[in-house]
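Protein sequence lines, in the order shown, are assigned to chains A, B, C and D.
Here the UniProt record's numbering is used: the first residue of the first sequence is 1, the next is one more, and so on.
Here the UniProt record's numbering is used: the first residue of the second sequence is 1, the next is one more, and so on.
Here the UniProt record's numbering is used: the first residue of the third sequence is 1, the next is one more, and so on.
Here the UniProt record's numbering is used: the first residue of the fourth sequence is 1, the next is one more, and so on.
Source of the hints: derived by calculation from the structure; they are not laboratory data.
Keep in mind that the hints are not guaranteed to be accurate.
All copies of an identical chain are treated as equivalent in the list; a pair is satisfied when it fits inside any one copy or across any two copies.
[Claimed, not checked] DSSO-like cross-link-like pairs, simulated, lysine-lysine; straight-line CA separation at most 30 angstroms: (1) K75 with K28; (2) K44 with K74; (3) K36 with K154; (4) K172 with K74.
Number of protein chains: 4
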Amino acid sequence: MTPGHGIWDLFTSSTFLSSSTPIKINFKMAALRFVKSVLLSFQKESGLEPRLFGENLRVTAAEPGRVDFELDIKKEHTNRLDIIHGGAIASMVDLGGSLAVASKGLYATGVSTDLNVTYLSSGGRVGDVLKAVVKCDKFGKTLAYTSIQFTNSKGEIAARGSHTKYIALAWKHPENAVDQLSPQK
Amino acid sequence: MTPGHGIWDLFTSSTFLSSSTPIKINFKMAALRFVKSVLLSFQKESGLEPRLFGENLRVTAAEPGRVDFELDIKKEHTNRLDIIHGGAIASMVDLGGSLAVASKGLYATGVSTDLNVTYLSSGGRVGDVLKAVVKCDKFGKTLAYTSIQFTNSKGEIAARGSHTKYIALAWKHPENAVDQLSPQK
Amino acid sequence: MTPGHGIWDLFTSSTFLSSSTPIKINFKMAALRFVKSVLLSFQKESGLEPRLFGENLRVTAAEPGRVDFELDIKKEHTNRLDIIHGGAIASMVDLGGSLAVASKGLYATGVSTDLNVTYLSSGGRVGDVLKAVVKCDKFGKTLAYTSIQFTNSKGEIAARGSHTKYIALAWKHPENAVDQLSPQK
Amino acid sequence: MTPGHGIWDLFTSSTFLSSSTPIKINFKMAALRFVKSVLLSFQKESGLEPRLFGENLRVTAAEPGRVDFELDIKKEHTNRLDIIHGGAIASMVDLGGSLAVASKGLYATGVSTDLNVTYLSSGGRVGDVLKAVVKCDKFGKTLAYTSIQFTNSKGEIAARGSHTKYIALAWKHPENAVDQLSPQK
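Could you build all of it, start to finish, from the sequences and the hints given here?
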């Protein structure tokens, strides 16, 4: 990308290069900015995310390999027991895995191969906030492995999940930022 | 329930008892009717099902222990690649498992413990129909085990899943029809 | 391979080519022979299979994409409840997935990415036979997807599983028979 | 149990009660001692554990809800690629889940309902040590939920897993130590 345009100014601007701020903090800022841009793309270009989550799902923190997000539970997320639906949580395992892959610098986030969810406790009712931390445990050329844990408003583990993604084709996307966010690879 | 009211007329009417139609067919009719009533309850009382699936998801066949259903894929079910979203499929693994439990006679269908999905091929695009067959492989007093397979419009296995449900409390629901649909238990 | 040597004589001999036996049956014979040769290789070259299963595990049928096998349950397969151990079943989900991949013609069978097992009923005690049917549901260049179901001596589903394998490197093995067993690919 | 007999002397002896050592440390000591006694019971009474792991698997630390253990990889744990077999790891997901349940005070550890393993990197070769940390994430009257992570000798996540256990019947075992190790429940 050309310096001066879009989110990667952060990396190319002289402010960034000459910054005395520790690089780790800049990495976090860059990762957070990039993950938010990917979530925005989901909200704009995907069908399910705006329908099911919209403004109710927020990324609260990110660094390369990890994303924290939370959901304001609304009626549309619930089941007949008036608690958050297993399908809503499973959908966030999927979306969260994509965000974790994004935190490593992929704008395109591949397709799912395996997704597992274990439900331990109620995730909460309308008005509660469900928090999630998702990690990219391995980031390979072909496969990415992510894991997620959800915490309800009582501080209990509500659910945990695993999401394996096939990302071989995602490496070609022009808006990727892998060089910036996963420089070791 | 009192004879003459609601869906269980089928079982209590003299027409049913004296019927010369093979019992197996009546079982299927009863199961289909009951599963459809449970799906209707999901559409009315739950939050996620009407938001995400609504009229686009139809039960096409049922017998005790098995339900066939299909989804007209709409924009709201898709991801950024314009194919059906892994979260939409995972939500149908959850809902489908509940319908399979319903096919055994439970109106209340318990809560999830473990849900797995494996994604093999694209489930299709807007305008395609995704078909699913879900089975209740074991129906115990505490746990029910269900498995599901999705077939895309090319006839390929798009995904398969497993859903384990904790149903101990579901046995108490007044609208259950276990005696009718799972008479052996 | 040169005609006249090894297991692929079956495909190259004139007997095969001029056979009036339906090709489907020859496919089954070839698949069974090949899968048995792969199992033999596991017994000889691997560490876990001879230690845990040895002669007690037998392939009883195979065709491209499907393998039937069974285990004579011995003391070494059991847990403290004197029934077959979840780890023994999980090990057979892994091994079975490899055999299903072999039934499509791969002698090398790749590495695991995800393995799931759901345990429905006891698999049996010492002296019982546990039967398994494993299928290769999709056989791609990079990933193979297999599923398995175990039936105990009462005819109940004891367990079912899913096993996803990364097979990109397995395609290079000189003893593969993919052209013969998966000619459509 | 009568004071003066068996492993629970630890809890009943005056040394324990009058100890000035912080209670948390005594909990850890008690949990470690108890988990080791359960592992010993597996080695003596089960079939698979002595066959497959024996002295090569050691518990290195424990506290209520968490167990650390490690395996010296031997030939019998390997696959045809001479690295640790997916089945050996899956068996340790199962065994590890049982040990995590034991760390909460159950001597009997129930039966499996769902077991998932995701394989990220090679677990190692003969001579390497594979380390595992397993946690009991929820300990209910009917179900216990455990999760595990394996680290290879390079410090990479080799695999992670989830194991859900049905423990309703395990609560009746006379050698349980739940009152001591899970006093809050």
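List of violated hint numbers, smallest to largest = 1
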